[in-house]
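Undergrad: Spelled out from the first residue to the last, the chains are:
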Amino acid sequence: MAATPKPAVQEEVTYMRPVSNCAGCGDTKVSWSVLEGMRRYNKEHKLKGKDRYEVVYVADRGCGNLQGWHDYRIVDTIFFMGSGVIIGEGIKESCSDKQVVITASGDGGYNFNLNAIKIAGKNKKWGAINVIYNNFVIRMTGGQIPLETDFDKEGVSLGYEEVIHVNPFHVNDNAELFKSLVDRYLKKQKVMVVADGVCVLDMMRDTRAAGVKMGHFAKTEECLDLKFATEKERMAREEPEKFKDLPRFKCRQCGIGLRCHALLNNDPSICQACGSCKQFPCVTDCLAFQGLSFADSISIDQLKTMSKT
Amino acid sequence: MKKETVIDLGKTRISGNHAIVWGGLEAGVRVTTAYPGAPISELQGTYEQLAGNLRRDNVFSQKVGEALDKAGYQLTAHWGTTTNEPNAVGMALGATICKGDSKEREFLTEEEWSLVWGETVFGKDDKKRIPVGSRVMTSFKHLGGNTAADALRTAMNVIPYVGGLGIASGDDRQATSSQTQQDNKVLFAMHYRMPVFELHSPVVAHRTVRNCYRLFEELGTPFGVIMNYNLAYREVTVDLTLNVDLEANGRQKSFKKDPQYLVTIGPHIRPREAKWLARLLPMIRKKIKENYEFLGSEVVQYGSKPKTMLVVLGPFREDFKMVGHDESLRRRLESKFGDVVAVAGDLVFPQPEELYTELISKHPIERILVFEEGYTRVVYLQLLDMVNRLGLNVKVLDRTIPYEPRIYDRFSYIDHILAA
Chain R
1 MAATPKPAVQ EEVTYMRPVS NCAGCGDTKV SWSVLEGMRR YNKEHKLKGK
51 DRYEVVYVAD RGCGNLQGWH DYRIVDTIFF MGSGVIIGEG IKESCSDKQV
101 VITASGDGGY NFNLNAIKIA GKNKKWGAIN VIYNNFVIRM TGGQIPLETD
151 FDKEGVSLGY EEVIHVNPFH VNDNAELFKS LVDRYLKKQK VMVVADGVCV
201 LDMMRDTRAA GVKMGHFAKT EECLDLKFAT EKERMAREEP EKFKDLPRFK
251 CRQCGIGLRC HALLNNDPSI CQACGSCKQF PCVTDCLAFQ GLSFADSISI
301 DQLKTMSKT
Chain A
1 MKKETVIDLG KTRISGNHAI VWGGLEAGVR VTTAYPGAPI SELQGTYEQL
51 AGNLRRDNVF SQKVGEALDK AGYQLTAHWG TTTNEPNAVG MALGATICKG
101 DSKEREFLTE EEWSLVWGET VFGKDDKKRI PVGSRVMTSF KHLGGNTAAD
151 ALRTAMNVIP YVGGLGIASG DDRQATSSQT QQDNKVLFAM HYRMPVFELH
201 SPVVAHRTVR NCYRLFEELG TPFGVIMNYN LAYREVTVDL TLNVDLEANG
251 RQKSFKKDPQ YLVTIGPHIR PREAKWLARL LPMIRKKIKE NYEFLGSEVV
301 QYGSKPKTML VVLGPFREDF KMVGHDESLR RRLESKFGDV VAVAGDLVFP
351 QPEELYTELI SKHPIERILV FEEGYTRVVY LQLLDMVNRL GLNVKVLDRT
401 IPYEPRIYDR FSYIDHILAA
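Residue numbers (the working numbering), protein chains in the order written: chain R, 1 to 309; chain A, 1 to 420.
Just chain R, same shape as in the assembly (with noise of 0.2 angstroms):
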């Protein structure tokens, strides 16, 4: 028998890195929304096969946007740092009618190069949504202390006809927003979203000074990731050998979706109770959410309000 002949180079056996957001992080909330306002976009106007219209994801290197690769798949491509929003407009150059190019960065990515958010916001040929994932507020990366940036002035001379805030948790009416900013895109107009959610594990500790008891959520039996957890108890006592080509989750919708870690390990002992998950559209409807959430309000007074009632 001749023998095969050795390939020139070994294929890289790679993986791809676990989901490791900081804890309650809303950048790819976001993008989820995005998607999300898409979808209803399209149904809203009954567009269907190739009449539908299409999100291009074009994101900045960072870690919202690289998890949002890694974990939902979201992203349609990561450059060099600070090249999303001028990759998008190369993009909006070459891509058909029916796709939306739709850009994001961290606060990182739109100071290191302000220029293309300006080349973005005055080019008269192409709409702009450009999604500003504010890390001064959120936090990102533990807590660095990046260059504060007034938006709503910064956004209005670089050419943006608005600036519109966001609460990254809010995700259906995000996705209500983004499905209204595509006619907006469309007529070519230019609008910057940004991510403001405030920082959900600050939250806690304020509503927990101030004696509120935030919610939590609960699953019922009838989730699918549960049942598999139980399948695969099963197969790791009885037939181990087989245990290795097992996937990690069967459904990925709500935890991997909204990039919680409490929920993708199905424990509400670390919930942060910012009520993404309440507004997300379980496919088993086997999720709730039982308590107080951030989705409901980030005001304390109105959560103390509320907790008594």
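Just to be clear, a hint being listed does not mean it is correct.
EDC-like mimics (lysine to aspartate or glutamate), calculated; alpha carbons at most 20 angstroms apart, straight line [unchecked claim]:
1. R/K187 / R/D51
2. R/K232 / R/D267
3. R/K125 / R/D183
4. R/K98 / A/D101
5. A/K257 / R/E233
6. R/K250 / R/E222
7. R/K124 / R/D183
8. A/K286 / A/D385
9. R/K244 / R/E233
10. R/K250 / R/E233
11. R/K188 / R/D97
12. R/K213 / R/D196
13. R/K50 / A/D101
14. A/K70 / A/D57
15. R/K98 / R/D183
16. R/K124 / R/E162
17. A/K257 / R/E222
18. A/K128 / A/D150
19. R/K46 / R/E176
20. A/K257 / R/D97
21. R/K98 / A/D258
22. A/K256 / R/E54
23. A/K256 / R/D51
24. R/K187 / R/D202
25. A/K256 / R/D97
26. A/K275 / A/E112
27. R/K46 / R/E238
The set of hints was computed from the structure by calculation and includes no laboratory data.
Dock chain A against the given chain R, drawing on the hints supplied.
TA: Structure of chain A alone, referenced to chain R:
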């Protein structure tokens, strides 16, 4: 749309910059981006005029512009909008990676196609057609190679999606209007590891540019063309005939999602870097050898038993052409070297090793003299490496001039060759 339109514009005075524009237009370039700077501003300036962003203020842009308008040529030029080189390259990258159309294979075999395109989202195409989109040109002066290095190096990580991107660098090696004396051959060849050419004449540069688009688009790699200061500004009179590829210019637009390629993270790029070095680069060398003359290079032989090989590049090559027309130069060459074989190429990187080994085995070559201009020994080092690695019994000697003579230096490249 008609596939190709031939436009005869008669005798026209053009510069080296115009010659590159000419080549880009013949290739059907649809999007151009740049950040201006001497000596290459005129290149994008001309595209801006042709796209209607600026007034057409010279004979070249007036003649060509009128003809292209009639042919329905699509051209978008970004100059004022791209505020620096990284953004010019970034926008060009974005426009290039959209592969909304396809074309028949022209250069690749089925096996080679699988190597280049097989792992992309287009890999399941039974007909093994080439995914294509807008052809794009970006340009900057040599300093732009530094500021856009991140963008350009990243471009090499998304091969083959960057096929159809041409990058022009205007090198001001004597710092006539720059703060560094720099030779971008080293950046393109050694740092970006991108196929790169040093153009040698405004009369024929357009052919090299046009044909680079055709070949490297299939190979899925960007390519660079470098012009020195003199070439960029030098004017010649040519019979200006445009064979415009209107099919390439009018391709369907669409972005195809392939995040395994277009999201540049370690797990994605590491296997591709290895593949580039071990498999793609050797294949590209082979294709370059197969299409050596198509890419504007040639092998010339004087005498039947050459012991000396001359490798002449850029302005050395242009002057060396005179040997073919001037009997006295021919005699000086013979008395200096005896019989010679000359590899007269625009190609800087990657050198087609098979071509050299073929010539060395065919002729009793004892030494290779390399003539290249600038501060880098890119061709010399590649040939030295080849000779050592393959154990060839040939000496490789550097006969480079370590600078770019200024126009008023009246430097004679042919005299330098004959005095070597």
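Undergrad: Each of the hints needs a verdict: does it hold here or not?
TA: Now for the hints, and whether the structure bears them out:
{"no.": "1", "hint": "R/K187 / R/D51", "in the structure": "holds (17 angstroms)"}
{"no.": "2", "hint": "R/K232 / R/D267", "in the structure": "holds (17 angstroms)"}
{"no.": "3", "hint": "R/K125 / R/D183", "in the structure": "holds (15 angstroms)"}
{"no.": "4", "hint": "R/K98 / A/D101", "in the structure": "holds (15 angstroms)"}
{"no.": "5", "hint": "A/K257 / R/E233", "in the structure": "violated (37 angstroms)"}
{"no.": "6", "hint": "R/K250 / R/E222", "in the structure": "holds (12 angstroms)"}
{"no.": "7", "hint": "R/K124 / R/D183", "in the structure": "holds (16 angstroms)"}
{"no.": "8", "hint": "A/K286 / A/D385", "in the structure": "holds (17 angstroms)"}
{"no.": "9", "hint": "R/K244 / R/E233", "in the structure": "holds (12 angstroms)"}
{"no.": "10", "hint": "R/K250 / R/E233", "in the structure": "holds (14 angstroms)"}
{"no.": "11", "hint": "R/K188 / R/D97", "in the structure": "holds (12 angstroms)"}
{"no.": "12", "hint": "R/K213 / R/D196", "in the structure": "violated (24 angstroms)"}
{"no.": "13", "hint": "R/K50 / A/D101", "in the structure": "holds (16 angstroms)"}
{"no.": "14", "hint": "A/K70 / A/D57", "in the structure": "holds (19 angstroms)"}
{"no.": "15", "hint": "R/K98 / R/D183", "in the structure": "holds (12 angstroms)"}
{"no.": "16", "hint": "R/K124 / R/E162", "in the structure": "holds (16 angstroms)"}
{"no.": "17", "hint": "A/K257 / R/E222", "in the structure": "violated (34 angstroms)"}
{"no.": "18", "hint": "A/K128 / A/D150", "in the structure": "violated (32 angstroms)"}
{"no.": "19", "hint": "R/K46 / R/E176", "in the structure": "holds (16 angstroms)"}
{"no.": "20", "hint": "A/K257 / R/D97", "in the structure": "holds (15 angstroms)"}
{"no.": "21", "hint": "R/K98 / A/D258", "in the structure": "holds (18 angstroms)"}
{"no.": "22", "hint": "A/K256 / R/E54", "in the structure": "holds (11 angstroms)"}
{"no.": "23", "hint": "A/K256 / R/D51", "in the structure": "holds (16 angstroms)"}
{"no.": "24", "hint": "R/K187 / R/D202", "in the structure": "violated (39 angstroms)"}
{"no.": "25", "hint": "A/K256 / R/D97", "in the structure": "holds (13 angstroms)"}
{"no.": "26", "hint": "A/K275 / A/E112", "in the structure": "holds (13 angstroms)"}
{"no.": "27", "hint": "R/K46 / R/E238", "in the structure": "violated (49 angstroms)"}
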